[in-house]
Each structure stands twice: as C-alpha cells, then as structure tokens.
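Participant: Line by line, the protein sequences give chains Y and B. Quick note: the first sequence uses numbering that gives the first Met the number 0, first residue 0, plus one each step. Quick note: the second sequence uses numbering that gives the first Met the number 0, first residue 0, plus one each step.
Just so you know, these hints were derived from the structure itself, not from any lab. Think of the CB as a built atom: it goes at the ideal place given N, C-alpha and C, for glycine as much as any other residue. The hints are all genuine.
Straight-line C-alpha distance at most 30 Å; calculated DSBU-like pairs for lysine-lysine:
#: 1; chain 1: Y; residue 1: Lys205; chain 2: Y; residue 2: Lys18
#: 2; chain 1: Y; residue 1: Lys5; chain 2: Y; residue 2: Lys75
#: 3; chain 1: B; residue 1: Lys249; chain 2: Y; residue 2: Lys155
#: 4; chain 1: B; residue 1: Lys252; chain 2: Y; residue 2: Lys63
#: 5; chain 1: Y; residue 1: Lys205; chain 2: Y; residue 2: Lys231
#: 6; chain 1: Y; residue 1: Lys52; chain 2: B; residue 2: Lys252
#: 7; chain 1: Y; residue 1: Lys75; chain 2: Y; residue 2: Lys205
#: 8; chain 1: Y; residue 1: Lys111; chain 2: B; residue 2: Lys11
#: 9; chain 1: Y; residue 1: Lys105; chain 2: B; residue 2: Lys249
#: 10; chain 1: B; residue 1: Lys15; chain 2: Y; residue 2: Lys105
#: 11; chain 1: Y; residue 1: Lys179; chain 2: Y; residue 2: Lys205
#: 12; chain 1: Y; residue 1: Lys76; chain 2: Y; residue 2: Lys205
#: 13; chain 1: Y; residue 1: Lys52; chain 2: B; residue 2: Lys249
#: 14; chain 1: Y; residue 1: Lys121; chain 2: B; residue 2: Lys11
#: 15; chain 1: B; residue 1: Lys252; chain 2: Y; residue 2: Lys75
#: 16; chain 1: Y; residue 1: Lys105; chain 2: Y; residue 2: Lys76
#: 17; chain 1: Y; residue 1: Lys75; chain 2: B; residue 2: Lys11
#: 18; chain 1: Y; residue 1: Lys155; chain 2: Y; residue 2: Lys75
#: 19; chain 1: Y; residue 1: Lys121; chain 2: Y; residue 2: Lys183
#: 20; chain 1: Y; residue 1: Lys76; chain 2: B; residue 2: Lys249
#: 21; chain 1: Y; residue 1: Lys183; chain 2: Y; residue 2: Lys5
#: 22; chain 1: Y; residue 1: Lys105; chain 2: B; residue 2: Lys11
#: 23; chain 1: B; residue 1: Lys249; chain 2: Y; residue 2: Lys67
Label pairs and their calculated CB-CB ranges:
#: 24; chain 1: B; residue 1: Ile28; chain 2: Y; residue 2: Lys179; range: 54 to 62 Å
#: 25; chain 1: Y; residue 1: Asp180; chain 2: B; residue 2: Leu223; range: 42 to 50 Å
#: 26; chain 1: B; residue 1: Ile257; chain 2: Y; residue 2: Ser13; range: 33 to 41 Å
#: 27; chain 1: B; residue 1: Ile257; chain 2: Y; residue 2: Ser107; range: 25 to 33 Å
#: 28; chain 1: B; residue 1: Glu239; chain 2: Y; residue 2: Ile243; range: 33 to 41 Å
#: 29; chain 1: B; residue 1: Val218; chain 2: Y; residue 2: Glu25; range: 49 to 57 Å
#: 30; chain 1: B; residue 1: Leu340; chain 2: Y; residue 2: Glu114; range: 30 to 38 Å
#: 31; chain 1: B; residue 1: Thr64; chain 2: Y; residue 2: Ser107; range: 48 to 56 Å
Which bits of chain Y does chain B cover? Going by a derived footprint, with three or more residues having C-beta under 8 Å, they are:
#: 32; region: 43-57
#: 33; region: 86-94
#: 34; region: 104-111
#: 35; region: 118-131
Listed below, chain by chain, are the residues.
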Amino acid sequence: MKLAVKNISFNYNSVRVLKNLTLNVEGGEILSIVGPNGSGKTTLLRCINRAIKPREGTVLLEGKNVAKMNSMEIAKKMSTVRQSADTAFPSTVLDMVLLGRRPYIKWSVTPKDLEIVDRVMKLVDINHLTDRYLDELSGGERQKVTMARALAQEPKVLLLDEPTANLDVKNQLEILNIIKDLVKRENMAVVIAIHDLNLAARFSDKMVMLKDGAIVAAGSPNSVLTQSNIMKVYGVEVKILENISDAPYIIPLTLSPQRVN
Amino acid sequence: MSDNSAHRLYVKVTAKKLAVVFVLLLALIGSIVAAICIGPVNIPPQTTIEIIFSKISPFSSHTNTIFDTIVIDVRIPRVLMALLAGMCLSTSGAVMQGVLRNPLASPYILGVAAGAAFGAALSMILGIGEWLGVYSVYLMAFIFAFVAIFLVYGLSKARATTTETLILAGIAVGAMFNAFVSLLMYVSGESLRSLVFWIMGGLWTSSWGTVIIILPVAVVGSVLLFGFSWDLNVMTLGDEAALSLGVNVKRRKVILLILSTLLAAIVISATGIIGFIGLVAPHIARMVIGTDYRLLLPTASLMGMLLLLLADTFTRTIVAPTEIPVGIITTMIGVPFFAYLLIKSKRSFWT
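Please put together the full structure from these sequences, using the hints given.
Facilitator: Written out as structure tokens, the structure is:
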C-alpha cells in the first residue's frame, strides 16, 4: 500500500471538519475526492501532506507513519500540486522545476538533478519552455510547470488539489492524461481533489464522495456517481448517461425542491 | 543536439552569471581604489597602493607622510564602513524580501532602520544600557530594530498579510520611531546636525573602532544567511509549497528575520538610517542574476557595496569640504526605483 489514511479527524475552532476518514491508494491507482465546496477535500489533502496536524488518526506513507518522519523524508516520497502556484519574483521555468530537487540537493546542482529535471519537463511537455519566465506563460503552461516541479521530487505519492481549475477543456484533458500515463508508468499513487464530476469519473480508478467532512460513498466511479448519491450530497437532480464512454456522464438538471440536510 | 537540454542550458546560464559576478567584483575593486584616492586632498593611486603595502609588508622602506594619515586613518575606515553597510543592508533586504515574499520589503521600508536608529540614539543620548560598554549602542539598536519588525509583522498579520498591509505597517512603525528620535534630540538639546545624522544617515563618523566591532558580526551574519540560500529559494513559493519541498518554514522564518534584522541594526547604529540601498541593490542583482539565492546574495552584496561606495564618494566630494548625508542621495535614487517596482512588480526584467 503506497498511501493509507486511517480514521483521520480534524477540528477547526471546535467544529469537526473531517470525521473519521479512511482511505487507501495502491501504486498505479488514481483516487479522486469529490464533494461540494467546504466538504473538506482540501483539508483532507493538507492532513495527508502534514500542512496541518490531524486531531486523530494516522497517515501511512509506504507503511511509515508520516507523523514520525521529518519534512525532508516526506518530501522525497510525496509531493503536492496546488492551484495557482505564484512566486513573489520572476523566475525561469528551469529554476522553478529545479526547486523540486530541493529535498535531494545539498548545495550544488548535480548532473543527475538536471537529468531528472529534463526528463520530467519532457513528460509534461514543457521542455521547449525551459528558459522562459513564468509570467510569460499561459495558465495551462504554468500548471504544467508546477506539475513538473512536483514530479522532480520523484514522489511515490502525488497529491493534486484542483489541478484543472481555471484551465480550458484542452488543457484539462492534457493535464489529466499526463497524470494517467505517469501513474501507470511510474507506479505512483495519486490523490486528486476535484470539482468536476465528469472529469473525475473519466480519469479515476476510485472515488470518494465527501459531505461535511464525512465519506458518503466510496468505490468505483460507477458505484459512487449515482443519482441518489448526488442528490444526497449536492442536492441536485441529475441525469446520468451511461453510453458516452466507459465512464458515467452527469448532466445536472434542477436543484432539488427540498433542501437536503 | 544533446538529449539533456536542461543540463546544457544550466551550464550556459551559470557561466554567464558567474561572469557577471566577476565583472562586478572588478568594478568594486576599481571603485575602492578610486574612493581612497579621491577627496578634498587627491592622492595619486600609486602612492595609495604604496602606503597600503607598506602597512602590510614589514620590509618596506616607505617613509610616512601626511598622505599616510589620510589613507590609513580617514579614507580606509570610511571605505570599509561603506562596504560593510552596503553588504549588510542589501543582504538584509534580499532576505526580508524572500522570507516575507514581498518585493517591496527592506530594512528601511519595514521600519527596522528607524527602530535601530531610535535604539542607538536612546543609548547614546540617555545612556541607557551603559553597563554594556561599547556594545550598548549596538545592542539597543538591535533590540529596537527587533521590536520594529515584530510590530510590523504582527500588525500586518492582524489583517491578511498582503503586500500593502505589510508596507503600510512598516511606514507607520517607521514614522513613529523617527518621531521618537526627533523628540529625543529636541528634548535633550542635541544639535540639528546629529538629528540629520540619524534620520538621513552618514558615514563621516567611521573609524577603525566601529569597523572592528561591526566587521565580524557583518561577515558571520552574511555567511550564515548565505547558508540558507536553498531554503530562501523554496520559501518564495509560500509556506505550504515550501513545506511540501521539505522546508519547515515557521522556524526558519524566525531565524532568518532575526539574522537579517541584526545585520541591518548593527550597521544603522553606526551610520544612521541609510535608506533604499537594502531595497534597490537586491532588485538590481535579481535583474542581472536571477532568483537563485546562492548567486543572488553575493551579487546583492557586491551591488550594495558598489552603490553605497559610489554614493558616499559622491556626497563627500561634490560640495567639499562639507558633505551631504549619503542617505539623501540613496533615497533620491531609491524612491523613483521604488515607484517603478510598485507599478511593474510582476514583470520579468531579464531576457
């Protein structure tokens, strides 16, 4: 098991934001976390990467408790891609991706570091942008730079928080295709917090649906994305098309007449 | 075509950057010699070099002249003080900009300079902390510089820490400490000249005594900060991104802010407030060398030394035999630059 999250709970100002969550991700698997705004998707990711300390529960990274690892050890095994990676100062693509080697670099940048940087830039198809400045790039290109930086850490577990937000359709598909390819090739475990149910259905092996910090449904996209689950969690009536691709396709119809609690 | 283009590019760019550092170093050495030679009494460069060698080498047949006194007791300590001040202020500014992720941060803008000046003035005029001997001035400067930066940081954190709140808090705290310094001067009947010294900065009080005290702190502090280069690189990405790259930001932030405040305070306690060097030098360095702190800190130091040395040489020769406080010149150069950064802060400079 690459990543095992056991009975995680988190309180924010005595409000329970996460309630006893458990999930497992194997190598080569993509798990997506879906749920409405404020359901705890990002908080869960932050608990996993130790940006915040869960109140209860453990996170096991390749069998090791992350609470007992130092941040450098964790950084060599797990990396995170956030939305809108902004720097305070204009920096080149090469310099930015090279920062992903920080957990391995003592002082000098070695040829091995640059070899890995070169490889990950080719993987996400930004090797023609190496000497460009970040602020000259489009949103999609910048998201790929952030991905390359995370991959330069050579992670076993990759966490992505809304990797496709603010991207156009082409870039959304491109980013997710890259992730899907990588997962198989590098045997990584991937966790994606994502709003778009259709993209989630199409690209993930497993899904977890959250509501108010608790898991409402978990399993394959087909078993999670049902009319009744979506009604229960989002309060929206939907139609589900089964024969578009192998993944279910959701069309929102109307808001539910009664408020669901 | 090599199949590893990142490697080729890195080697090429690094060689180019090192060449820039080398040229800067040569320019600095030239300026140092020039600054020692130029003044109310001009000394030929040959004589200057002869005098310096006679002091280093025990086998010199050199006979002392009036030039010796000028070079050894007046010009060299002053040049050294300008170099130390330039190095400390620009290193401090570069680190504050990285830690606070704010291109407008610097000891002057954040009120640290005013705090240090107040602490030093307090110690000199009211004799507070006298039992510490010669170090009392420096220690008091550091304590109040520290009070200033944590006041500014705390104030800006009370609301969301944005570029604007941090700068506004800095201006407010700086203005308050400047008012305290002025009050202190008037109440104690000090001359206007000493008030001008604290508010506008000057290097005319430089002596071997102050250089000897400041030199070790400046060098050790700068070297320690240089050692944090990679952490600074990562910290410009923000706290959580830095953490996922293995850098525990909270503790580092405090260490880096203490060290950078110390560097600024120790200089200001000897020179008064020299504005904008700590803002301008790191930015010019960033334009020519990029954002990697391993190269940025040395380049910013060289740039700060060069700028301050040139500004000081200018201020003491242009209206000789009197002189203009160097802080006036640095501020006059710095303010338009500050405005430029404010407008264009997100654009890239170097192509």
